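Chain by chain, the residues run as shown.
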Amino acid sequence: MSFRRNGSLSSTLLLIAANVLIPVAIVIFATGFFPYKPLLPGLAEYEPLDGYGEPPEAPFDKLVFMVVDALRSDFVYTTNSGFKFTQSLIRHGAAIPFTAHATSPTVTMPRLKAITTGSVPSFLDVVLNIDEGDESSSLASQDTWLAQMKAKGTGKLVMYGDDTWLKLFPGTFDRADGTTSFFVADFTEVDHNVTRNIPGELRNDDWDTMILHYLGLDHIGHKGGPRSPHMVPKQREMDGIVSQIYKAIETQDHLKSTLFVVCGDHGMNDAGNHGASSPGETSPALLFISPKLKGLQKNQDSPLPDAEDFQFYSTVEQSDLAPTLAALLGFPVPKNNLGVLIPEFLSIWPKKADQAYLLHQNARQIQTVISAASGTKTFDGALPEESCASPTSDYEQLACEWQGPSSILMSARVGDDMDSQWALPVVTVMPNLPTQHSDPHPIQLTIFQWLRKAQELMSGMASNYDMSRLILGQVTALLAVIFSLSAAIKTVSPTRSLTPLLVISIAYSIMMFASSYVEEEQHFWYLATSTWFGYLTLRGFKHTNTTFPAHLLLTAFPVLASLRLLRAWNQTGQKHAGTPDIVKLFIEPHPHFLWLLVGLTYFWTHRQLVYYSNGPIPVPINYPVMTGLVLAAFTFKAAFTLEDAPELVVEFVKSSLLDFTLIARARAVFVGLGLVAMAAMGFILWEMGTGVRKRSPKKVPAEAITTLQHLYTILALTQSRTANIPLFLIFNLLYWFLSGEIDAPDGTGLSTVELGISSLLLQYASFFAMGGSNAISSVDLSNAYNGVSGFNVILVGVLTYVGNWAGPVWWAFGTVVLLGKIWRRDQRQKRLGSGNNGKRGSDEKEEKAEAKQMLEGGQISPFKTYVVVTTLFTAFSVAAVMAACTILRTHLFVWTVFSPKYLYCVAWSLGQHLVVNVGLSGLLFWLGSL
Amino acid sequence: MPLVDPVTMSSSAIVKGAVAQSTSTTKSTPGSQATESSTTTAGSSSSLATLRPVQIKQTPAAQTIRHALPAALTALYLFRFDALVTNPVPVMLNALPVVVAFQMTYALLCLPAAGEPASKSNRKPRPGEKKKGGDIGSSTIITALLASVLTSIVTPFLYFAMVLFGAPFLTHGSHTFLCAAHLALLTLFPLFYVHGVDSAAWAAVGGFRAPLDETFGGLVGGLVGAWLGAVPIPLDWDREWQRWPVTILCGAYGGHLLGRVLGGTLFWGKRF
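Line by line, the protein sequences give chains W and A.
For the record, in the first sequence the residue sitting at position 39 is 39 according to my numbering, with numbers rising by one throughout.
For the record, in the second sequence the residue sitting at position 204 is 1204 according to my numbering, with numbers rising by one throughout.
Keep in mind that the hints were calculated from the coordinates and are not lab data.
The model shown is predicted, which means the values in this text are computed figures rather than measured ones.
Any given hint could be a false lead.
Taking lysine to aspartate or glutamate and the EDC-like style, the derived pairs with C-alpha atoms no more than 20 Å apart in a straight line are [as the list claims (entries may be wrong)]:
hint: 1; chain 1: W; residue 1: 575; chain 2: A; residue 2: 1082
hint: 2; chain 1: W; residue 1: 150; chain 2: A; residue 2: 1236
hint: 3; chain 1: W; residue 1: 223; chain 2: W; residue 2: 743
hint: 4; chain 1: W; residue 1: 542; chain 2: W; residue 2: 743
hint: 5; chain 1: W; residue 1: 150; chain 2: W; residue 2: 189
hint: 6; chain 1: W; residue 1: 575; chain 2: A; residue 2: 1236
Covered by chain A, according to a simulated footprint, are these stretches of chain W (three or more residues, beta-carbon under 8 Å) [to be verified]:
hint: 7; region: 517-524
hint: 8; region: 558-572
One side of the interface only, derived from the structure: several residues of chain W facing chain A at Cβ under 10 Å [what the hints assert, rightly or not]:
hint: 9; residue: 452
hint: 10; residue: 531
hint: 11; residue: 544
hint: 12; residue: 575
hint: 13; residue: 577
hint: 14; residue: 578
hint: 15; residue: 583
hint: 16; residue: 589
hint: 17; residue: 600
hint: 18; residue: 603
hint: 19; residue: 607
hint: 20; residue: 610
hint: 21; residue: 611
By construction, the Cβ of each residue, glycine as well, lies at the ideal position given by its N, Cα and C atoms.
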């Protein structure tokens, strides 16, 4: 007996150790995987270049920078575009078109950082993009072309549009009007708020930088995809603004030296989303517009036919904007820039010495970045011949290749006849010349190639890993796997019942190494869940007294059909993003049907709340309180949908709404939920304290935690997209099946391990069924600000988490109630068992001793077994994701597939496993077992 | 992506449903293969315990066919693979009669028919008895025909099971249905032939308590293979053969043949 107790104690210790090691491993690995990128502080100044004299004169002094969010290249350049005026500008040479390659993550904030600083933002910026309140994502202290324009002091900075700019550049703008991208259903108002400021600003002459950021086109993309009927009219509207500004530049004298840049921050995929690295997402348009640019290059054709890869005209890097603006507007290249001056503009400066100066400045600036990153001063002097024969590092290679262009550039002087030197053939001309460029001289080509190479190397350098930390994190995670495995073996008997869990964990671990399985992870969970529930329903036939066909029809079919509906509800993943699913085919075209299902879901939840709260709360209070709560939640959802997706709201629902603000409605729901939850918990504790028990002792806390479970359902409904709400009906059906399986006769009922596996599968399957995926773009922020007026990191974080993990958390809490049921079942069986023993054994003492034994050594709390199950899987998944990230760290998709997966893995293991499955569920189980 | 369990469930459901109406003739013959040794009056529990693995007839013809047919099926599959990838529906449709012929031959020549006195197939053939052992009587042909009728009745249910496990529902209807037909023909037809509608035998098959032999091994292999066939579909290799239902059919054939051969040889008589 003492051995068993020690076994139980040691397994508990192992379990705790595993759960401590998991977050430790995650933190260690993350610090090595997402290193803090050192930034050069301060504002850049022109590097002193011997003999070159003053910087060349800039052709422009004012900048209008118009960002059209998600302006994919083909939206402007192809035949069916609405940008007819812009296309005429391209034909006449007044607009120079490019496709600007946007690196992943293709979301607004990192893209704006790349555009303004010229650097390649680190992956962490994605997280900070969501966590908008974070100060470290601010660019106020960094060198950007905005800071340079401000430093020039030739005018004010004004900004109209997406308030991301205001967050990135606090205190930079002299006049600004920010719009928020809160409701994507808003196609017109967000843009109107920008456009109405333009005529006045065009008459003002006190500014030198005007930034406009239009969100409407992105909203249309998110809502209806790139082929939405709203798309071309929106393009025409944007074209009208281009025309308005261009004509002002042409006619108004104070604007005559204005450079007008039109660009997208990123593109969109065929579903209208963005964040990853498909060609559509990474190919926004970029145009430099000014009457002064006419004649710079031979006229371009426009419009062009469609291109599969979205590459039109020359392709440049988005970061190239920064040095190009620096040259065109006459300020030093921002310090952390990795962009390359766009070659097409070089011929603006007729003097070769000026061209040499600009290229030289660009190269020197990038060399400073390289020196800072490599910690050496490789570019200062001439390198010895022998070290260049076999360079030891990429930096040295770059330094060696710099020798050739450097000597020519250094020998170029003001007033010299540059042409002869420019035409010199350079020995180290590299292959794959960028043929699209407007035929510069060989030396220029060499410099451009060197710059491109440096850019490529340094963009990769945005992620130099700390290998020792990666390995330490990996080892810690493996320790967690070993600890959780041994805890599982000690806790679960028979050990063989762990087999399905191990199969799932190992198959999942293997899957993490294939990028397409990470992108399409949902298939794994759907197939595994269907298989597992197929097994459970088939096994369930043993204890039914119906015929086999009846069992099939009444149990197996509903369960498997529910899972099939779950699978088809939202199409997720990358490969088939945007293809038809139940929501698109049946829900959105039939709003009446949707509201019928939504109403049913709320009605059902109300019924559950009233039914289970009868015990703890007296009926006269219970019924009106619950009804009020559910009504508040339902009307909030209706009012929210009216703003977020008005096409989904039917007249009947619309007419039933009173005039309250959304924030007030959401707060009413949250406060109501909080009060009732506290009442239910207080009731349990009070019952315990006073020992007053009107009904059977174990029933009251059990009912109270069921009340808490259904209160959470209300929260989950509040935080879910309207089209996903009917999924909770399906969840309820599956829950009902599992609950019934627990009470199966003759000891064939669901064991704790089996319930744990079912719960694990349903937690993951429900996450994907509600539209989740392993892509950053699928994080749903639409409900993140419910009831929040300002910005509160914790509140918004919790609301975002519940908004995206509504299904998994629902299943975690549901599992706790079912665990309580198993616990009571097992205790009942044990009492029965010991009763039988007593009858057989004649000695009363013996009987007592036996009962005592049972209590002391016997039963392992089902909650512990459940934690064993989730810990085992979590440890496996964390270790596997880490191993995949380490081994595939140089993989092409590391920043688009594996790093996002790591972030999701962190959310699953810290949020879902530790906080929800261990913390909150543990609290709930404890309350239920009082 | 059909899984073993629901499929067998649906198949035996059919058995139960159909028993009363159509195939009572088969049932009435005493002493099914399952209850060979002792109990012809078997209650379901005793027959469960005594379900014997199916023995292939000992005639040279049967022994040749049992090895030749899997090879022939493999050859057929490999030969038509390219065509299957480019044009799945007509190829699966055209292959169906060929597979029917193969399976019929296999059943008639190699397998003991349901209701056939089991001792016949078990006895060692003597030189003069060859003809008798390989005898194809009218009753066995009727059994084979009934088995094929049952197989075709089961096919829609198999199709439905595949949809429940994730096969496309609104599109690719004929693809999935033909795939289900092939799967049923490969895995269930031989079982119908040897067990008829003996509910006890089917309960053993459905509950995975039946001993392994060519028929049961082929069933398990085929279903597991079809299930595993779903695995390569999400990969981003963008190959033509990743299209629905090529991998499923491939898995079903590969798994079936493997299970049939292993079940008939290495694991014969073993239980899960």
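Handout entry: Hints not upheld, ascending by number
Key = Checked against the structure, the hints that fail are numbers 1, 2, 3, 5, 9, 11, 13, 14, 15, 16, 17, 18, 19, 20 and 21, while the rest are satisfied.
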